[in-house]
Structure formats: structure tokens, C-alpha cells
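Enquirer: The chain contents come next:
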Amino acid sequence: MTPSTFDLTNCEREPIHILGSIQSYGYLLAVLPDTYSIVHASDNIADLIGQSADELLGLPIDQALSNSSLSANALIEFLNVGRRSESWEGLNPQQFAVNGKSWNLIVHQHQGLIVLEWEPVGEHNIARNQQLIAQALTEVQASRTLSDLLQNTAQRVKKIIGFDRVMVYRFEPDWHGHVIAEAKEDHLDSYMGLHFPASDIPRQARELYKINLVRLIADTTSTPSRILSQPDWPNDKPLDLTHSVLRAVSPIHIEYLTNMSVQASMSISLMYRGELWGLVSCHNTVPRFVDYPARQAAKFVSQLLSTALEFRKDEEDQSSLLHFRQNGQYLHEQLLLDENIVKALTKQPVSILDMTKGTGAALLFNGTVYRLGQTPDDDEIRGLADWLKQNDMESILQTDQLPNLYPPAEKFRHVGAGLLSIILSKELNEYIFWFKAERIQQVTWAGNPDKPILVDADGQHRISPRTSFAAWVQNVRNTSEAWAEAEVAAVVKLREDVLQVITKQANEVRLLNQRLQLAYDELDAFSYTVSHDLRTPLSSIRCYSEILLEEYGQDLNPDATALFQKVIDSTERMRALIRHILFYSRMGRTELNTQSIDMKQLLEGIREEIMITAKDRSLTITIGDTPPIVADETMAIQLFTNLLSNAAKYTQLEKEAIIRINGKQSDGEVIYSIEDNGIGFDMNQAGKMFDLFKRLENARTFEGSGVGLAIVKRIVIRHGGKIWFHSELDRGTSFYVSLPSTQTR
Amino acid sequence: MVDMIDVLYVEDNENDADIFSRLMHKMGRPVTYTILSSGSEALDYLAGQGKYKQQLTPLPKLLLLDLNLVGLSGIDVVHKARQHDRTRYLPIIAFSTSDSPSDVRSAYEAGINAYVVKPGTYQDTGALLTHLYDFWLERNTRIYSK
Chain A
17 MTPSTFDLTN
27 CEREPIHILG
37 SIQSYGYLLA
47 VLPDTYSIVH
57 ASDNIADLIG
67 QSADELLGLP
77 IDQALSNSSL
87 SANALIEFLN
97 VGRRSESWEG
107 LNPQQFAVNG
117 KSWNLIVHQH
127 QGLIVLEWEP
137 VGEHNIARNQ
147 QLIAQALTEV
157 QASRTLSDLL
167 QNTAQRVKKI
177 IGFDRVMVYR
187 FEPDWHGHVI
197 AEAKEDHLDS
207 YMGLHFPASD
217 IPRQARELYK
227 INLVRLIADT
237 TSTPSRILSQ
247 PDWPNDKPLD
257 LTHSVLRAVS
267 PIHIEYLTNM
277 SVQASMSISL
287 MYRGELWGLV
297 SCHNTVPRFV
307 DYPARQAAKF
317 VSQLLSTALE
327 FRKDEEDQSS
337 LLHFRQNGQY
347 LHEQLLLDEN
357 IVKALTKQPV
367 SILDMTKGTG
377 AALLFNGTVY
387 RLGQTPDDDE
397 IRGLADWLKQ
407 NDMESILQTD
417 QLPNLYPPAE
427 KFRHVGAGLL
437 SIILSKELNE
447 YIFWFKAERI
457 QQVTWAGNPD
467 KPILVDADGQ
477 HRISPRTSFA
487 AWVQNVRNTS
497 EAWAEAEVAA
507 VVKLREDVLQ
517 VITKQANEVR
527 LLNQRLQLAY
537 DELDAFSYTV
547 SHDLRTPLSS
557 IRCYSEILLE
567 EYGQDLNPDA
577 TALFQKVIDS
587 TERMRALIRH
597 ILFYSRMGRT
607 ELNTQSIDMK
617 QLLEGIREEI
627 MITAKDRSLT
637 ITIGDTPPIV
647 ADETMAIQLF
657 TNLLSNAAKY
667 TQLEKEAIIR
677 INGKQSDGEV
687 IYSIEDNGIG
697 FDMNQAGKMF
707 DLFKRLENAR
717 TFEGSGVGLA
727 IVKRIVIRHG
737 GKIWFHSELD
747 RGTSFYVSLP
757 STQTR
Chain B
4 MVDMIDVLYV
14 EDNENDADIF
24 SRLMHKMGRP
34 VTYTILSSGS
44 EALDYLAGQG
54 KYKQQLTPLP
64 KLLLLDLNLV
74 GLSGIDVVHK
84 ARQHDRTRYL
94 PIIAFSTSDS
104 PSDVRSAYEA
114 GINAYVVKPG
124 TYQDTGALLT
134 HLYDFWLERN
144 TRIYSK
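Protein sequence lines, in the order shown, are assigned to chains A and B. FYI, the numbering for the first sequence is 17 to 761, going by this note's numbering. FYI, the numbering for the second sequence is 4 to 149, going by this note's numbering.
Since the hints were derived computationally from the structure, they do not count as laboratory data. Keep in mind the model is a prediction, meaning the values are calculated, not measured. Some hints here could point you the wrong way.
Cβ pair distances, simulated, as ranges [what the hints assert, rightly or not]:
id, chain 1, residue 1, chain 2, residue 2, range
1, A, Ser612, B, Gly53, 48 to 58 Å
2, A, Asp575, B, Ser41, 22 to 32 Å
3, B, Ala130, A, Gly621, 21 to 31 Å
Backbone N, C-alpha and C fix where the C-beta goes; we use that ideal spot for every residue, glycine too.
My request is simple: use the sequences and hints to build the entire structure.
Expert: Encoded structure:
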């Protein structure tokens, strides 16, 4: 099947209002208003009045009817009344007896002609119909739901006209239809919930439905009767049957009905604010005539329904708005109560999924995607966010055909053909999305889309009504149900609520920041005191001890000398400790001045320094690959000095101490390993490794403050890197430092 | 022109001043020095004002300046000294316990010639002063004010 060869407008182009024939159960004459001379007559008119159309055409009505049993005088009098009152509405139908049989005459005036139509008088029950109308009126006044009202209207119309099946058929915004209420005989399959493509009721047919509110097709199997015109009547002025009650049915529509096993049909228009809202569509499996009064009764019930629609529909919109608003209120309360935005919006009984009729919802917050219901996957949602970010959109986007705006959405159209999204923060890439599934996934289509295309005698492809489904399905691909105003309104409000909570939290963070700033200031003051006021007396203790030893050493006994040496050693340890603490406290705050660092040079410098202090022992430091790192140079020196001097320290007991450094460039990061063959440590204590002042048991005899590795950790964290290690007691330790190879902060 | 002294040391910590004096006396050569205990006194001395008004105070070849002084700070002293013709080019060395980068920076910005951290031990201080003398008194070429 190649959709491109379909002629979808075929139905739309059919001039159904000037088909040139009427249904054969009735008869038609059209007369000029001034002379009542006949200009059109249906071919079957002879059946009614015994004279052929040819004989009648061109004659004034009194002459034409002189030989018939239809009283010309009575008819003329009737027409005079109608013309004078300029309205036929109140006069229809008028009963006339012809050859002892009663006929209903229905008259209207259109395009300069008076059109007279006779149809049979049925076996209608006026009393019962009036009762049904009264019930309908009561029901409309009572406060019932719209769906109840529709269902009962279907029942009532079915009782009035006696068809097998009465459906209420609602048009969607794209004019495809949807059966929303149904009354039927038990043996028939239900059509409830079925969707019909828009092409089933083409545009010009819909226009006629707006003008002519009731339409009866009494027998699809009968042959229509042609309308003949008086000989000199211009060919380009065929009789316009727009207002005719007998108007014949287009062959395409007959075919449509036949496919549905329907031999009589009737439809009544449902109007909402001047537009066609839906139809009461009635089917009968065998031919059935519904007389004018019954049609009028059914029409009246339907008009009552139309009136009810005007406010009931508003009410239902209101109530769904109320429903979403209520859920929005719950969400707001959850937000205020919890202040954990993700939890409040996605993890409670009422979630963002309840804010719309969407089939899925997602929150992108703090870099994480949270999904509810049926949604595209995480990556697809992130892609969508990127697209929204790039396209300078308003804070809210709604579409019922996302793939047409954003082609990648075609991949996930089954869950996301429609999108409603709000921006929480463009900078932080934070969004809430609601998705609607592709409509094709959701609906049950009436008819069989796979039925082959019919080919006309002239070889043209023509779409029969039933086969138009396939084309229609093509047509509505990538489309979801539209977003209702109530949904959008609820979402707009939610956005405000969420932003308010975010702002509130931001203010709290700001207050915290202020307090933190205060604490930092105090820490600064403390650091200064440590650095100066504590170090100064310490220096004095140290210096005077040295002076005592130097200048009075000869007067002291060896014990006193040793004690002075202990004082001096203690001040030395304290000095080192103070220096480390200061360095540690500054590490968190000093500005990072990152640059690419020549690691070979840096490591060789550190090695040289360590080798000077280790000149009395056997120590080998090998430097392998040295890919550059991006870091603050001072901190990098501190980092590697600490790690290498640690390694040197803990290999002191080895006969042959070996330290190996090697760098490895991998994806986006550089990893340096520092391996030694020193005392190692028990991995059970590894958790304490980087804690300030923590020292491991087996390192007790080694000098150290417990600050060195804490500084190392801080430096690594400041650079957005990682540090880890592996160690075995008495086997040595390996440290691994990974630093991002791109600029940080 | 008045004779110059070698060093003017501004230090409000008595112990540090004392240790300095002891080290001066241990120097292998004669060194002339004056110790003042506050920034404002140092400025008076350098400018020949206040209680030094009637005296002709000898300019030092080197001003050794503790930064953390009670009252006027060492940085203030540098600022003021640099505004005065007589001391605009006087070599000033900041001599401080602090090695905080921000202290070092602001001292340089005020116009010091060098920043030296107090070593904290007697021996190291002695060695440092010997080096300072070698360089600033022997090697360094001075601009004398008019």
C-alpha cells in the first residue's frame, strides 16, 4: 500500500447537497414563489399524484394538480399562509390525503424556490414521545453527570425512533469521532469506545449537519429518484437540497453503511457553542422509516442535550480543573512539609503524575531523572531537556505532536507523542515533563484498516470509507490527545509552588552561608593566633633552651643536659604540628590556581629533597611515566611530597627500600600510583586513614602528626579527584591518586 | 651627614629582642644596632620627630621590621616610611612569625624589600642573621637619601 496514491479528498469533493435525487420513499416538487409554477419534480411524483414529472414541469400548481386527488386549493392556501408568515417551521408537517392515504407535507424556501416534500405518515405515538421529552427535560435540569445524560439521551432517542442502535458520537478536535454513549439491541456488538476517522464524515457533510439538524436515510437498498427540471431551466442551477428532508444519500456513504450492515440510519446534530460537538447516530439493520413528528421529538431531546452540553461541559472542565487543582494543593502541602522536592513530587501517594491526564511524568532535578508512569527512558529525557535548553522557549511548552517539533521523539512516540513541560531552572537543567502516549496506541478503531483499496473502473485509486482508516492512521501518527486548559493551568500553578520552595531553600542556604562565613572568620582569627601568638612563646622556649645549653652547658650535669634536649625536641614536634594544622586549615579555602604541571620535574625535585634526608639508608625512588596533571602547583607539590615522604618514612626499616611512582593517562583523568615496600597497614583500619590526627597502630614508633594524609585528602578533593590505596601488613602500601585532566572550578 | 648604624630592629616582643641582642654580641664582627619596641617610635626615629626631634638620629643601613606590632603595624610603618624622602629607598626586611601568603603579599605590596620568616630556633636565627648581614650590609648597594 502506498499512501501517496490515495485520494483522501475524494469524499470531501463530492457535491452531496446537489446530488440531483431524493430518497424514493418521498416525493418532491419545487415551485417559484410568485407563480407557484413547477420548476423541479422528482421522477417518482407520478406515484403520488398520478401525473409524470414531464407533464407537471412548467405548469402552475393549480393546473398541475387539477386531475389529482391532492386538493390544489388546499395546497395553494397553505403555501399562501407560509409565504405571508415568511416562516415554514411552524407549519410543518401538514397532513394531506392523497388517494385516501395521508401524507406529511414538509415545506421550506431556499434560493428563490419553495420546496415541497411529501413523506409517509408513520405510526407515531405522540403521547409517548411527549412523555419521553418531558423526562429528558427533567433530567437535564437535574444535576447529573454528562456521561449519564448522554447515555440516557441515547436510550430515549432509541425509544422514540425504534432503531437497533443509537450512539452518541463525539468529535475530537481533529474531527475524528469517538463513541461515548450507546443504546442498542442485545444481539448487536457494542461500538462503545470506538474511534472513527475524520474522513468518515467529511467536511461538507459536517456543514450540512450544522444546518439540517436531523437526517434520515430510510432505506439504503432503495433506488433514489432523480429530480427533473423544467426544460428551459439552466443546467448550472440544479436544485439545492441543503434543507431537504428527502435528500438522497451519496453512494460512498451508502457503501459505508452497507459495510457496517446498516440499512437505515438517522443522525441528529449535537451543537456546542455554534459548532458541531457530536452526533446522535442511529443505525438499523433493516430499512426503517421514522416519521416527521418522531424525528422532531428525537431532535428536541437532542437539542435539550445540546443546551445541557453548554453548561455541563463547562462544569466538567471545571471539575477536572478542580481535580487537578486539588492534587496541586496536595503537592504544595507535601512540598511545604517535606522540603525535599524530589520526594514531595515523586514519592508520595499524590505525585506529579496526578497533575494531568498524561500517561507519564518525569522530574529532572539535581542531575537525576525521576520517572513515573510510562515515559521515555532516562537518556531520552535528558536529550529532551537539552533540546528545550537550546531552544529559547518560554517557561512552559505544550504540544500534542512532539515528534513534529523534535524529530528524535519519534523513537518514543508510543509513550511521548504529547509533551507538557515546565522549566524549573534552565541554568541547573531542571525540568518537569508530562507525557501523553500516541493516540493510535490508545484507541480502538472501528472497521478494518487492512481492507484492500478499491480501484475504480478508470483505474484511479479511490478510498472506500472503511479503508480510509489506514491512511488516517498514517495521518495521526505522532499525535497525542491535546492538553486541556485545566491541565496546563494546574501545571503553571505547580511551577510557582515549586519555585517558591526552591527560593525559600535558597534563602536558607544563604543564611547558612552567612553563618559559615562567620565561622570561617573565627577560624581565621584562630589560625592567626596559632600562627603567631602560640608560635612566638614556643620560639622563646626553644631559643632559651638552646642558649642555656650553649652558654651554660658546661655547668650542667648530663641528666640536666638530656632534659633540655627533651624540651628542645618537644618544641620541635609542636612547631611541626602547628605548621601542619595551619596548612590543613588553609587548604580548604585558598584559591586554586590550576595549571598544567610538568610532573617529571616536580617529582624529581621532591625525590632530590627526600634523598638528602635519606642519605644514610638504601632508598630507591623510581619515576615511571609522568603524564601532566592540571592542578594548583603549590598544592600538587604538597600532595606528592606528603605521599612520597610518607612512603620514605614507612620504608625506613627495610634493608632496601623501594618506592615506585607511575602515572597513567586514561579517559578524562590521570592516575598516579605510589607504591612502597614499607610496613604497610591493616586494611581493617583503612577507614581512618585520612582522618585528621588519626595514626595507625603499627606506625606508633614513627614520627608524625596524623595531619599529612588529611592534607593530601583535602588537596585531592579540592581538585575534584579521588584517592584510594591498597596495603598489606609488612608488604607495603600503594596509594592511587586520580585527578581530572581538565580544568576544575 | 650623620653616621649610619647597621640595623634598626623594630620588635615589641622582649624575648625576641633579647635573643636578637644576644646573637648580635656573638657575631664575629662589630655590628651597630638599635632596637625600638613600637611602630610609631620607629617612624619618629626615622623622621627625626617626636621625642627624636632635637637629635640627629642615624639612619640604619637596614630596617628589620616585625610585622605584628602592638598599635601601628609593621605594614603601616612600611607605608609611612615609603612616603618619606629620607626612607623611600631604605632596605626594609619584614621579619615575622607568620608565613601566611596573604601576609607576605601585603608586606610586599606595602613596599618591603624582603620577607623573612622567623626561624624559631636560636641556631637557625643566628644563621639567618649572619646571612642577612652578609647580603644586606656587605653586598647590597644602597641609595642614600640627599
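Enquirer: Hint by hint, say whether it matches the structure.
Expert: A quick look at each hint next to the structure:
Distance hint check: the CB atoms of Ser612(A) and Gly53(B) are about 55 Å apart, consistent with the given range 48 to 58 Å. Between Asp575(A) and Ser41(B), the C-beta spacing of about 43 Å breaks the proposed range 22 to 32 Å. At roughly 24 Å, the beta carbons of Ala130(B) and Gly621(A) sit within the given window of 21 to 31 Å.
In summary, the one numbered hint that this structure violates is 2.
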